[in-house]
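Take these sequences, add in the hints, and give me the full structure.
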Amino acid sequence: MIVEALAFYMFAFIAVAAGVLVISSKNPVHSVLFLILAFFNSAGLFVLLGAEFLAMILVVVYVGAVAVLFMFVVMMLDINFTELRSGFLQYLPLGGLVGLILLAEMVVVAGGWQSIAGGAKLAEAAAPIVKSTSNTHALGEIVYTHYVYLFQAAGLILLVAMIGAIVLTHRRRTGVKRQRIADQNARGTDTVEVRKVEVGKGI
Amino acid sequence: MSIDQIIPALPEIFVACMIMALLMLGVFQKGALADQDVKSFRLISGLSVGVLGLTILLVVMLADRQLMAFNNMFVVDGFATYAKVLVLIASGCAIVLSAGYMERNGVARFEYAVLVVFATLGMMMMISANDLISLYMGLEMQSLSLYVIASFQRDDQRSTEAGLKYFVLGALASGMLLYGASMVYGFSGTTNFSVLADLLKGGTPSVGLVVGIVFVVAGLAFKVSAVPFHMWTPDVYEGAPTPVTAFFAVAPKIAALALFTRVMMEPFGEAADSWRQVIIFISVASMILGAVAAVAQKNIKRLMAYSSIGHVGYALIGLCVANETGVRGILVYLAIYLVMNVGAFACILCMKRGDRMVEQISDLAGMSKTHPTIAFAFLVFMFSMAGVPPLAGFFAKLYIFWAAVDAGLMAVAIIGVLTSVIGAFYYLRIVRVMYFEDAEDPLDAGVSRELKILIGVTAFIICFFFIQPNLILEPAAAAAKALLAG
Numbered sequence: 001m002i003v004e005a006l007a008f009y010m011f012a013f014i015a016v017a018a019g020v021l022v023i024s025s026k027n028p029v030h031s032v033l034f035l036i037l038a039f040f041n042s043a044g045l046f047v048l049l050g051a052e053f054l055a056m057i058l059v060v061v062y063v064g065a066v067a068v069l070f071m072f073v074v075m076m077l078d079i080n081f082t083e084l085r086s087g088f089l090q091y092l093p094l095g096g097l098v099g100l101i102l103l104a105e106m107v108v109v110a111g112g113w114q115s116i117a118g119g120a121k122l123a124e125a126a127a128p129i130v131k132s133t134s135n136t137h138a139l140g141e142i143v144y145t146h147y148v149y150l151f152q153a154a155g156l157i158l159l160v161a162m163i164g165a166i167v168l169t170h171r172r173r174t175g176v177k178r179q180r181i182a183d184q185n186a187r188g189t190d191t192v193e194v195r196k197v198e199v200g201k202g203i
Numbered sequence: 204m205s206i207d208q209i210i211p212a213l214p215e216i217f218v219a220c221m222i223m224a225l226l227m228l229g230v231f232q233k234g235a236l237a238d239q240d241v242k243s244f245r246l247i248s249g250l251s252v253g254v255l256g257l258t259i260l261l262v263v264m265l266a267d268r269q270l271m272a273f274n275n276m277f278v279v280d281g282f283a284t285y286a287k288v289l290v291l292i293a294s295g296c297a298i299v300l301s302a303g304y305m306e307r308n309g310v311a312r313f314e315y316a317v318l319v320v321f322a323t324l325g326m327m328m329m330i331s332a333n334d335l336i337s338l339y340m341g342l343e344m345q346s347l348s349l350y351v352i353a354s355f356q357r358d359d360q361r362s363t364e365a366g367l368k369y370f371v372l373g374a375l376a377s378g379m380l381l382y383g384a385s386m387v388y389g390f391s392g393t394t395n396f397s398v399l400a401d402l403l404k405g406g407t408p409s410v411g412l413v414v415g416i417v418f419v420v421a422g423l424a425f426k427v428s429a430v431p432f433h434m435w436t437p438d439v440y441e442g443a444p445t446p447v448t449a450f451f452a453v454a455p456k457i458a459a460l461a462l463f464t465r466v467m468m469e470p471f472g473e474a475a476d477s478w479r480q481v482i483i484f485i486s487v488a489s490m491i492l493g494a495v496a497a498v499a500q501k502n503i504k505r506l507m508a509y510s511s512i513g514h515v516g517y518a519l520i521g522l523c524v525a526n527e528t529g530v531r532g533i534l535v536y537l538a539i540y541l542v543m544n545v546g547a548f549a550c551i552l553c554m555k556r557g558d559r560m561v562e563q564i565s566d567l568a569g570m571s572k573t574h575p576t577i578a579f580a581f582l583v584f585m586f587s588m589a590g591v592p593p594l595a596g597f598f599a600k601l602y603i604f605w606a607a608v609d610a611g612l613m614a615v616a617i618i619g620v621l622t623s624v625i626g627a628f629y630y631l632r633i634v635r636v637m638y639f640e641d642a643e644d645p646l647d648a649g650v651s652r653e654l655k656i657l658i659g660v661t662a663f664i665i666c667f668f669f670i671q672p673n674l675i676l677e678p679a680a681a682a683a684k685a686l687l688a689g
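Taken in sequence, the protein lines are chains A and B.
Just so we're aligned: 149 in the working numbering is position 149 of the first sequence, and the numbers increase by one with no gaps anywhere.
Just so we're aligned: 681 in the working numbering is position 478 of the second sequence, and the numbers increase by one with no gaps anywhere.
By construction, these hints were calculated from the structure, which means they are not laboratory data.
Possibly wrong hints are sitting among the right ones.
One side only, chain B facing chain A, incomplete, derived with CB under 7 Å [said to hold, decoys possible]:
(1) F273
(2) M340
(3) G411
(4) V414
Positions of the beta carbon are idealized from the N, C-alpha and C atoms, including for glycine.
Right, here's the structure in full:
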């Protein structure tokens with residue numbers, strides 16, 4: 001038990017600290033590296049919860065793909081991050097005030113927290129903890145059976161995003177010679193002329 | 204899962220498959236030959252209109268009773284059928300309207316029609332949503348397609364600006380909606396509309412739930428562009444290409460208002476006393492702003508934007524009432540709003556001079572001499588929007604105000620009448636410019652056949668609605684009944 005608690009505090013502490021460092025470090029490359037650290041520790045938290053599939057996905061997708069993509073973006077785009085941050089102190093008082101007001105409001109709302117009669121039972125029923133099935137199996141059942149409609153809809157939304165990106169940015173370049181195999185095959189013999197060349201003379 | 208589970212969503216599945224087929228057809232056709240853009244644009248636009256027409260048939264075939272699908276996340280009832288038919292007609296008209304404009308401005312690319320149909324699919328999903336998650340999915344599919352077509356004229360600075368503005372503010376609104384949805388889930392333990400309705404039947408909702416509802420209302424109010432979430436509307440309407448504006452003004456508004464009505468009446472209907480004041484404020488503020496701010500406009504697309512804000516205000520009166528007559532009022536209003544706006548935008552699309560589109564109100568001067576029939580049709584639409592009897596717009600407002608007076612919301616009804624009098628001023632100003640001012644530089648003469656047909660049909664419906672009002676009234680009443688029964 002004590003090991004579990006210790007592991008939890010270690011993962012949680014490092015995840016939060018890495019998160020703070022992501023936004024506070026001056027060098028954007030360091031930010032991305034800290035982000036990877038935060039992802040790893042969140043994966044650790046998932047493992048502690050018994051959600052091993054999510055933990056693996058987090059590492060594979062976020063560390064393996066998203067973080068690398070971020071790294072590319074940071075390196076390829078010439079953004080002056082210190083300039084972006086220059087207004088930070090200037091907006092801090094106002095932003096802080098808005099944040100405080102929001103916090104106070106949240107406390108008021110949470111103070112009156114009272115679920116509708118029968119509501120808590122519903123929330124439990126949405127994600128039952130089943131000992132007999134594996135993580136992957138349970139997730140598959142939720143995503144591909146219960147929520148298949150939403151899953152397909154999400155796929156279509158991604159298709160819209162793809163079409164949108166192509167429509168808005170793709171340009172047909174002029175002056176590019178394209179290879180058309182059908183045209184090449186359809187060429188007749190008249191385009192080639194066979195000449196008899198005498199030795200030493202040329203055409 | 205058996206096949207019965209999928210049948211209710213048949214129209215949506217059909218549209219989704221057809222979109223992909225059209226996309227493939229367009230891509231391969233374009234790839235086959237260089238400079239096929241205009242040709243494939245025409246082909247895909249024509250086929251899209253056909254697909255939308257077939258979908259109307261499918262939707263109507265499923266109309267007889269309430270059906271649920273996909274673990275009750277998707278519902279088909281009389282209300283959904285009515286709203287879907289309106290949305291499909293609106294999208295079809297929008298594609299027809301855009302044909303000439305897109306070709307003239309060199310943005311005739313087949314993806315336009317595909318994206319419009321995609322947006323329509325999103326709207327159908329919104330209308331049929333029976334769960335906060337499916338609501339959000341439909342809304343996002345619609346919004347993402349709309350962001351792209353707002354900036355479809357990508358070499359035009361105003362169009363890209365409109366798309367960007369719409370995107371940033373739309374994302375913010377989606378965030379608010381999601382925040383509200385998470386609060387609702389947190390305080391009730393479910394996102395399903397039917398279950399929520401059952402939970403709310405006994406007793407008053409907790410504070411947290413009301414906060415959640417208000418955030419959901421804020422998100423939805425943005426999508427219907429009601430005050431105080433209207434700021435994006437004039438800029439986006441002005442910047443987007445005119446046929447896109449025509450589409451924005453009609454189909455998404457109808458879908459979002461239908462969704463708004465379902466969300467407020469079905470899951471949260473029992474808590475009507477908790478949210479009524481919010482809707483009353485939104486409705487009154489929209490009516491007032493729509494009437495007052497439009498007076499100073501010089502650009503006709505901006506004017507139509509403020510006019511649509513006002514119309515949303517009137518339609519929302521039906522929601523303040525929150526009973527069957529109110530919902531019937533909204534549905535009748537939406538149908539007539541659809542016809543008026545399609546007609547008015549078809550007239551606006553006739554405004555070109557030397558192959559360039561003009562959009563100032565002063566450019567309309569002398570239209571009665573150069574285009575007498577179109578000027579007359581425009582006059583009909585403007586009178587109808589102002590609510591002059593016996594045109595259809597008058598009846599739309601009548602049924603709404605009637606419902607409000609019936610439910611004892613006298614003050615709202617009186618404000619509505621007053622603002623429509625103020626609104627009449629700017630509608631009539633357009634008529635004055637067309638009929639009593641002389642043109643220095645008249646508009647071009649040629650008007651395409653599609654526009655003429657659309658203008659003729661819509662003007663006919665607006666003029667002669669009063670002879671057979673039951674053609675719209677009865678389906679609307681049945682749809683309202685279906686919503687309240689479910």
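Hints versus structure:
Taking 7 Å as the C-beta cut-off, the interface hint given for F273 of chain B holds, the closest approach to chain A being about 4 Å. With a least beta-carbon distance of about 4 Å to chain A, the hint placing M340 of chain B at the interface is held under the 7 Å criterion. A cut of 7 Å between beta carbons decides the hint on G411 of chain B: the least distance to chain A is about 5 Å, and the hint holds. At a threshold of 7 Å, the smallest CB-CB gap from V414 of chain B to chain A is about 5 Å, leaving the interface hint in force.
Violated hints for the displayed structure: none, as all numbered hints are satisfied.
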